[in-house]
Amino acid sequence: MNTRLLIDWTRCEARGLCIELVPEVLTADDWGYPLSRHGDVTLPIPAPAIRYAEEAVRECPRLALRLIED
Amino acid sequence: MTSTQLDAALWALGRGTGVVALVLLTISICLGIVTRSRQRFAGLPQYGLTAIHKTASLTATALIVVHVTTLLLDPKAQLRLVDTVVPFTSTWRPLWLGLGTLGIDLLLLVVTTSLLRKRIGHRTFRLVHWATYLLWPVALAHALGTGTDAGTWWMDALAASCVASVLAMAWWRLGPAFGTPIRTSAADRLQHPEALRTADLGRRVALVGQPARE
Ligand code: SF4
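As they're listed, the protein sequences go chains C and B. Here my numbering is used: position 36 in the first sequence is 36, and no number is missing along the way. One gets my numbering by counting positions in the second sequence from 1 and adding 70 to each.
A hint or two may mislead.
Incomplete in silico selection of chain C near chain B, CB under 10 angstroms [what the hints assert, rightly or not]: (1) 18; (2) 19; (3) 20; (4) 44; (5) 56; (6) 58; (7) 63.
FRET-style restraints, in silico, Cβ to Cβ [said to hold, decoys possible]: (8) B:74 <-> C:66: 53 to 61 angstroms; (9) B:145 <-> C:66: 52 to 60 angstroms; (10) C:41 <-> B:86: 51 to 59 angstroms; (11) C:13 <-> B:218: 37 to 45 angstroms; (12) C:41 <-> B:222: 56 to 64 angstroms.
It is worth saying that the hints were derived from the structure and are not from the lab. The C-beta atom is built at its ideal place from N, Cα and C for all residues, glycine as well.
Isolated chain C, as found in the complex (with noise of 0.2 angstroms):
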């Protein structure tokens, strides 16, 4: 099973919040937007870094963030 973080592209604003609690998987682009760290753009989100995921979810300024098991 795998977690992985759903971006809702039509909310996010490019705060970053998700970028500095989740570096392992995401980077940001030139206009500061979250982008995948290794070209996998399903997010798959390794075991110790869920709980920053989540934190990611919550706090997210723009609701933008969702964690989807598969």
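Got chain C sorted already, so can you dock chain B with the ligand onto it with the hints?
Same frame as chain C, but now just chain B with the ligand:
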């Protein structure tokens, strides 16, 4: 403690919590504007700014609860229970005290909708959050109009710095440069690996120590 001493303590606590709450609300509104701007401030990461914004607001709310409770208990303040909910009905300085009550109503509205943000949706949250721009001047006016410390040099200096900070932030907020993200090049970011988890500085070392993954 004699009852006079107790009254004096309540009075001091009531005033003190009010003043500190005003300072915290000022910090909170300023940082709220900063987080909205997508820009860094004083080297603080976005997560840190958000956390301070939240903590300052919640602490201010807690202090205001103490502020109101002590003044309810304090005979000198002559506050009635109804004055804490319904504005502009008090017998003593109805306007200035009423502003405080209005401030509490607004604050409770803003804090509740923030805590229930997920439930009520982002749009409603944001709409209600605009009320902070009313809440802050209301709180300031209440502090100066009701506060018995207004006119002392320290309270005036404090109020003046709060006003200056918020005006400066508002000026920036309304200016043309607001909200344009700073453009960083990939090379910059490699030099300043800010993609580090700020919530957990302990891991920072480990992450920096890892081979570059970009
Ligand atoms: S925290 Fe939210 S708004 Fe900020 S970059 Fe991430 S998804 Fe976008």
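Interface hint outcome for residue 20 (chain C) [beta carbon to chain B under 10 angstroms]
It holds, given that the least Cβ distance between residue 20 (chain C) and chain B is near 5 angstroms, below 10 angstroms.
A closest beta-carbon separation below 10 angstroms is what the hint needs, so does residue 19 (chain C) meet it against chain B?
Holds - the Cβ of residue 19 (chain C) comes within 10 angstroms of chain B, reaching about 6 angstroms at its closest.
Double-check residue 44 (chain C) for me: the hint is only fine if its C-beta lies closer than 10 angstroms to a C-beta in chain B.
violated (14 angstroms)
Just to be sure I understand the hint, the distance between the Cβ atoms of residue 74 (chain B) and residue 66 (chain C) should be within 53 to 61 angstroms; is that true here?
holds (59 angstroms)
Status of the given 52 to 60 angstroms range, CB of residue 66 (chain C) versus CB of residue 145 (chain B)
holds (53 angstroms)
Min Cβ distance, residue 58 (chain C) to chain B: is it shorter than 10 angstroms?
With a minimum Cβ separation of about 8 angstroms from chain B (threshold 10 angstroms), the hint on residue 58 (chain C) holds.
Once the shortest beta carbon distance from residue 18 (chain C) to chain B is found, is it less than 10 angstroms?
holds (9 angstroms)
Satisfaction of the residue 63 (chain C) interface hint, Cβ to chain B closer than 10 angstroms
OK, holds: residue 63 (chain C) within 10 angstroms of chain B, min 5 angstroms.
Cβ distance range 56 to 64 angstroms for residue 41 (chain C) and residue 222 (chain B), holds or violated:
With a Cβ separation near 60 angstroms, residue 41 (chain C) and residue 222 (chain B) satisfy 56 to 64 angstroms, so the hint holds.
Could one say that the CB atoms of residue 41 (chain C) and residue 86 (chain B) fall in the range 51 to 59 angstroms?
Check passed, 53 angstroms falls within 51 to 59 angstroms.
Does residue 56 (chain C) meet its interface restraint, that is, does its C-beta lie within less than 10 angstroms of any C-beta in chain B?
holds (8 angstroms)
Please check whether residue 13 (chain C) and residue 218 (chain B) have a Cβ separation lying inside 37 to 45 angstroms.
Since the Cβ atoms of residue 13 (chain C) and residue 218 (chain B) sit about 44 angstroms apart, the hinted range of 37 to 45 angstroms holds.
Violated hint: 4 only; the structure is consistent with all others.
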